[in-house]
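Asks: Protein chains in written order, with my numbering: chain A, 1 to 85; chain B, 1 to 125; chain C, 1 to 95.
Take these hints with a grain of salt, some might be off.
Straight-line Cα separation of at most 25 Å, BS3-like style, residue types lysine-lysine; simulated pairs [said to hold, decoys possible]:
#1 K75(C) with K41(B)
#2 K116(B) with K95(B)
#3 K96(B) with K116(B)
#4 K75(C) with K96(B)
#5 K124(B) with K25(A)
#6 K25(A) with K96(B)
#7 K96(B) with K124(B)
#8 K121(B) with K75(C)
#9 K125(B) with K95(B)
#10 K95(B) with K25(A)
#11 K125(B) with K96(B)
#12 K95(B) with K41(B)
#13 K95(B) with K121(B)
#14 K95(B) with K124(B)
#15 K41(B) with K96(B)
#16 K96(B) with K121(B)
By construction, these hints were calculated from the structure, which means they are not laboratory data.
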Amino acid sequence: MIYIFYITLVLLTLGMIFSIIRFVKGPTAGDRTVALDTMTTLMVAGLVVLAAVFDRLIYVDVALIYGVLGFIGVIVIARYLEGAL
Amino acid sequence: MSLYEIIGGLLSIIGASFLFLGGLGIYRMPDVYNRLQAGTKATTLGAMSLILGVGVVKMEDHWSWIVKAIIIIVFIAISNPISSHALSRAMYHRKKFPIIKSSDKNMDAYREVFEKQEREKEEKK
Amino acid sequence: MTYLVLIIGFLLLVLIGAAIYAVYQRDLLYAVIATGIISLVLTALFYILQAPDVALTEAAIGVALTTIIFIITIKNTVRFEDESDKNNQQKPKTE
Numbered sequence: 001m002i003y004i005f006y007i008t009l010v011l012l013t014l015g016m017i018f019s020i021i022r023f024v025k026g027p028t029a030g031d032r033t034v035a036l037d038t039m040t041t042l043m044v045a046g047l048v049v050l051a052a053v054f055d056r057l058i059y060v061d062v063a064l065i066y067g068v069l070g071f072i073g074v075i076v077i078a079r080y081l082e083g084a085l
Numbered sequence: 001m002s003l004y005e006i007i008g009g010l011l012s013i014i015g016a017s018f019l020f021l022g023g024l025g026i027y028r029m030p031d032v033y034n035r036l037q038a039g040t041k042a043t044t045l046g047a048m049s050l051i052l053g054v055g056v057v058k059m060e061d062h063w064s065w066i067v068k069a070i071i072i073i074v075f076i077a078i079s080n081p082i083s084s085h086a087l088s089r090a091m092y093h094r095k096k097f098p099i100i101k102s103s104d105k106n107m108d109a110y111r112e113v114f115e116k117q118e119r120e121k122e123e124k125k
Numbered sequence: 001m002t003y004l005v006l007i008i009g010f011l012l013l014v015l016i017g018a019a020i021y022a023v024y025q026r027d028l029l030y031a032v033i034a035t036g037i038i039s040l041v042l043t044a045l046f047y048i049l050q051a052p053d054v055a056l057t058e059a060a061i062g063v064a065l066t067t068i069i070f071i072i073t074i075k076n077t078v079r080f081e082d083e084s085d086k087n088n089q090q091k092p093k094t095e
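Using the sequences provided together with the hints, build the complete structure.
Replies: Have a look at this one:
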C-alpha cells in the first residue's frame, strides 16, 4: 500500500518541476502567478500524502491551514496587476 | 488488501495523474488563459480526488481522517476558483486578449462589454 | 528512508534556486513571487523535518502576511529596481 503513495509523490514532484520551468521561462507576470497558484495546490496534496506516509493525524492540520490561506497571496498579486489594490 | 485500500488507491492514482497532467499543461499551453485552465481545473479535480483517496485509505485507522479530508476538499473547492477568477480578470484588464479568436460569439462576449466600457471612459474624459 | 533524502534534496535545490532568483531579479514583482515559492518550500521542509508547529506558523505568516506587505510596498514605491530603468518607471512596461 505504501508504494502507491510513493508513486503519487513522484508524480507530484514531476508536476512541480514543470511548474518551476514555467516560472523561470514565463514571459509575463500572469504566467508566473499561475505557476505559483498551481504549486500551492500541488503542495497541499503533497502534504496530505506525506501525513499518510508518516501516519500522524495531527500533520493534516498544516495542509488544512495551507489550503485556507494559500490563495490570499495570489489574490493580492492579481489585484495589484489589475491596478485596483 | 481490504476494500478501503483498493478504492482509496484507485482514487489516489487518478488524482495524482490529474495533478501531473495539470503541471504538464502549464508547461505546454501557449497562452495565459489556457495555462490558467490547465493549472486550475485539472489541479482542483486532482487534489480533491487524491485527498479523498488518502482519507478513504486511512479511514480504517481512525474515523477523523475522512472528516479532515472532506474539510480540506471543501476549502479547495471554495478557494481555487476564486484565485483563478481574480487572475483571469486581472489579465483581461491589462488588455492581454486570448491569442485564439473564437468563432463562437458567446465565448468572447465579455470583450465587447469591456471595450464598450473603455470607450465610455474615454468619452467622459 | 531514502525517499525522504531525495525529497529533501529536491526541496533544498528549489529553495536555493528561488533565493538566488529573488536576489538577482530586477523586476521586484517577480522577486515577490519567488519569495512566495521560498515560503512554500520552507513549509514543506519544516514539515518533513518533524516540526509541524513551525510549519504552521511559516504557512500563516509567509504566505499571507509577507506577500501582502511586499505588494503594498511595491504599490507605494517603484516596481523596477535600477536607476537606469527610469524610462520603464515613467511609462511602465506592458509586463
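Asks: Are the hints correct? Go through all of them and say.
Replies: Cross-check of the supplied hints:
1. As the CA atoms of K75(C) and K41(B) are separated by approximately 30 Å, the hinted pair breaks the 25 Å bound.
2. Under the criterion of a C-alpha separation no larger than 25 Å, the hint pairing K116(B) with K95(B) is consistent with the structure, at around 13 Å.
3. Under the criterion of a C-alpha separation no larger than 25 Å, the hint pairing K96(B) with K116(B) is consistent with the structure, at around 16 Å.
4. A threshold of 25 Å between alpha carbons decides the hint, and for K75(C) with K96(B) the separation of about 21 Å falls inside it, so the pair holds.
5. Only pairs whose Cα atoms come within 25 Å are accepted, and K124(B) paired with K25(A) is rejected, the gap being roughly 40 Å.
6. This hinted pair checks out: K25(A) and K96(B) have alpha carbons roughly 18 Å apart, not beyond 25 Å.
7. Of the supplied pair hints, the one linking K96(B) and K124(B) holds, its CA atoms being roughly 24 Å apart against a limit of 25 Å.
8. Note on K121(B) and K75(C): the hinted pairing holds, with a Cα-Cα distance of about 24 Å set against a maximum of 25 Å.
9. At roughly 20 Å between alpha-carbon atoms, K125(B) and K95(B) fall within 25 Å of each other, so this suggested pair holds.
10. Our distance criterion of 25 Å between C-alpha atoms is met by K95(B) and K25(A), whose separation comes to about 21 Å.
11. Between K125(B) and K96(B) the alpha-carbon distance is near 23 Å, which keeps this suggested pair within the 25 Å criterion.
12. For the hint pairing K95(B) with K41(B), the CA-to-CA distance comes to about 23 Å; that is within 25 Å, so the pair holds.
13. With a CA separation close to 15 Å, the supplied pair K95(B) and K121(B) stays within the 25 Å bound.
14. This hinted pair checks out: K95(B) and K124(B) have alpha carbons roughly 20 Å apart, not beyond 25 Å.
15. Of the supplied pair hints, the one linking K41(B) and K96(B) holds, its CA atoms being roughly 21 Å apart against a limit of 25 Å.
16. Taking the CA atoms of K96(B) and K121(B), the gap is near 19 Å; set against the 25 Å cutoff, the hint holds.
In this structure, the earlier hints numbered 1 and 5 are contradicted, and the remaining ones agree with it.
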